[in-house]
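Chains as they are written, first to last, in my numbering: chain U, 1 to 265; chain H, 1 to 265; chain B, 1 to 265.
No lab work stands behind these hints, which were simulated from the structure alone. Nothing false has been slipped in among the hints.
Copies of the same chain are indistinguishable here, so a pair counts whether it falls within one copy or spans any two.
Pairs of lysine to any residue, SDA-like flavour, derived with a Cα cap of 25 Å: (1) Lys154 / Asn85; (2) Lys88 / His160; (3) Lys136 / Asp151; (4) Lys251 / Asp141; (5) Lys15 / Glu190; (6) Lys138 / Arg14; (7) Lys136 / Ser148; (8) Lys138 / Val170; (9) Lys138 / Glu50; (10) Lys15 / Glu254; (11) Lys138 / Glu86; (12) Lys251 / Asn236; (13) Lys251 / Asn186; (14) Lys136 / Ile89; (15) Lys53 / Lys138.
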Amino acid sequence: MNPKMITENLEAIRKNSPLVHNITNYVVMNNTANALLAIGASPVMAHAQEEVKDMVGIASALVLNMGTLSKEWVESMIIAGLRANERKIPIVFDPVGAGATAYRNEIATRIINNCNPEIIRGNASEIMALVNQEMKTKGVDSVVSTKSALDSAKYLAQLHECIVVISGEVDYITDGNRVERVAFGNSMMEKVTGMGCTATALLGAFIATNDNLFEAAVNGMTVMGITGELASAKANGPGSMQMHFLDCLYKLSEVEIEQAFCTVE
Amino acid sequence: MNPKMITENLEAIRKNSPLVHNITNYVVMNNTANALLAIGASPVMAHAQEEVKDMVGIASALVLNMGTLSKEWVESMIIAGLRANERKIPIVFDPVGAGATAYRNEIATRIINNCNPEIIRGNASEIMALVNQEMKTKGVDSVVSTKSALDSAKYLAQLHECIVVISGEVDYITDGNRVERVAFGNSMMEKVTGMGCTATALLGAFIATNDNLFEAAVNGMTVMGITGELASAKANGPGSMQMHFLDCLYKLSEVEIEQAFCTVE
Amino acid sequence: MNPKMITENLEAIRKNSPLVHNITNYVVMNNTANALLAIGASPVMAHAQEEVKDMVGIASALVLNMGTLSKEWVESMIIAGLRANERKIPIVFDPVGAGATAYRNEIATRIINNCNPEIIRGNASEIMALVNQEMKTKGVDSVVSTKSALDSAKYLAQLHECIVVISGEVDYITDGNRVERVAFGNSMMEKVTGMGCTATALLGAFIATNDNLFEAAVNGMTVMGITGELASAKANGPGSMQMHFLDCLYKLSEVEIEQAFCTVE
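Could you put together the complete structure from these sequences and hints?
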């Protein structure tokens, strides 16, 4: 993980403006579309069973998010996921609220088994619930530390041969063997709904422009965290945080990325 | 109604972070989730018939809002409401647009009769439409004053043994006998979509942490109004109003609450 | 096109507060409701097949937007459109993403043929796709200039006897014969999701208060563009752009409209 590598990935997004197809939840659709626009990608939200195959057909990445899941939407996610596999375009999956209800556990498992996502991103409770269905989640909020979910993440990554991202105060990215730790970010991010979903959506843009999945995930979470730090420095609360996040993401520069690394080390 | 009582309720929300389960409308989901986070609660939005029972099973309050109702969602609301009754967790119901169409009147009646909400909150037209189905609402906007709806509110509260809140320039809270008048707030709040729905969602957090339903409703509407005043003092229009509202709600202090009371008296 | 005419239309919206019924997409519902409130109109979002007839029955304009279309919603749009025709209230149609999938092309054609919209507004790719179904759209983003879509727009306007608006860096409004060019706006608008949908929604307010459809469309796009310029002058990025847009729209004055014309000429 170094500033140069991250900046290059960011520049590739801005240059190529990849079409990222999102089948996501009602709460965050506006935010995630805006975050994808701010970073330079081209978002599209489409969920009709009649068209998801076609939309995946022109997309560079597919983002599946089960935040406000229901039967019809899940079917669309599966159809879109299978088409993405056929076309060999990457999938990022966000198991929002896994552990909160039996239905969420069932659907998360079904999506993972059918669609083989390249990246799974969740909070600690969600990632643990994907491995141990006895694990409980408080609605969509985590009740455990990211560190404690690391073994579950590694197991999951090995089992499904994918990248698993646990996000929280500190993020962990693993391919089952390697583990990268991203310690950027600010606690104000938890006070804005859909920040996790925004991370997932942005990973779609990074993975669409970087063949190295592990690097793409690390780059994405780093950009997310640094942007969160920059925005929180300007914010007076969660309302202005949300606004500054988009402004900062839009303007994020190589110098800012380098400076963030200097501050940490 | 006094500042101390309100601050205590607010502190209880911040300390306990109650899980508030919302089955609400598409327009306001993001705002209401953010308002609940800003006040210190833990919001979850989930509507699938397959999971609402389970989600109510871990929630501390249920918020039902029929803003963008449709058949499937109404069924989920009923299922969730019945489960909330079983678990004896409180329900806040928002009859958005009651009076605008026959369907809305029918569904509002059905939800009230089946789910027995602890609090019903609406604007004056909506509350009157629940009593007199000849009453007309202009879309989702009220066409009458809150004062004129007070008799309807009292009747409704007695009939269903619940608290009824009429919100508007002045809010009225009644249990059918007592009436409390809350005169905080600012006209700019009407220019931001979903401010009424935000009040309803916040009532979910207050009622989850206060066994006295009447007090909880008064406290919630007071916090809503004071926050609106603080935000409007900083706002240049409805866009910045929405942002400042979340920032002010997040930071709302005992001193600010006390000062607001001083200004009124 | 002159400042006086535009200001008069704006004043008519603020004075009459027309009820604009929107059946629109999940991504932009909040923004478009807020934009309609900011300009002085009264928005309502309702899509249940059981009630759209009744809601159209009290509305002054109907806005149909197929951004996140699905079978049930399309049926509701058709029902609402037919009722609007019966009542002779104007329809504005936004063929979001036409050209991206075969399903979108099919539905756009079906809505236009069944509902006979008074105004069709889209970006260049979308307008061209309505005429030439071989035309491709990149998700919901245009890949061609507005100028190049002008012939398609004229053809479409003549064929369906309606007004067609192509929006982009420069907007074109045509009734099939006349063409008006609106060159206000700012490139930051493209970085905020749903700005096109917001234009469509605002056209609903203009057309509800102006019997001259062509003028209403020109006025609406001019107000949209001038507001975008004013907002972008204050914005630091797409997040603050969205906020300032609503604030500026709320406050937009005759003087500001006049000054914008002076700057252009």
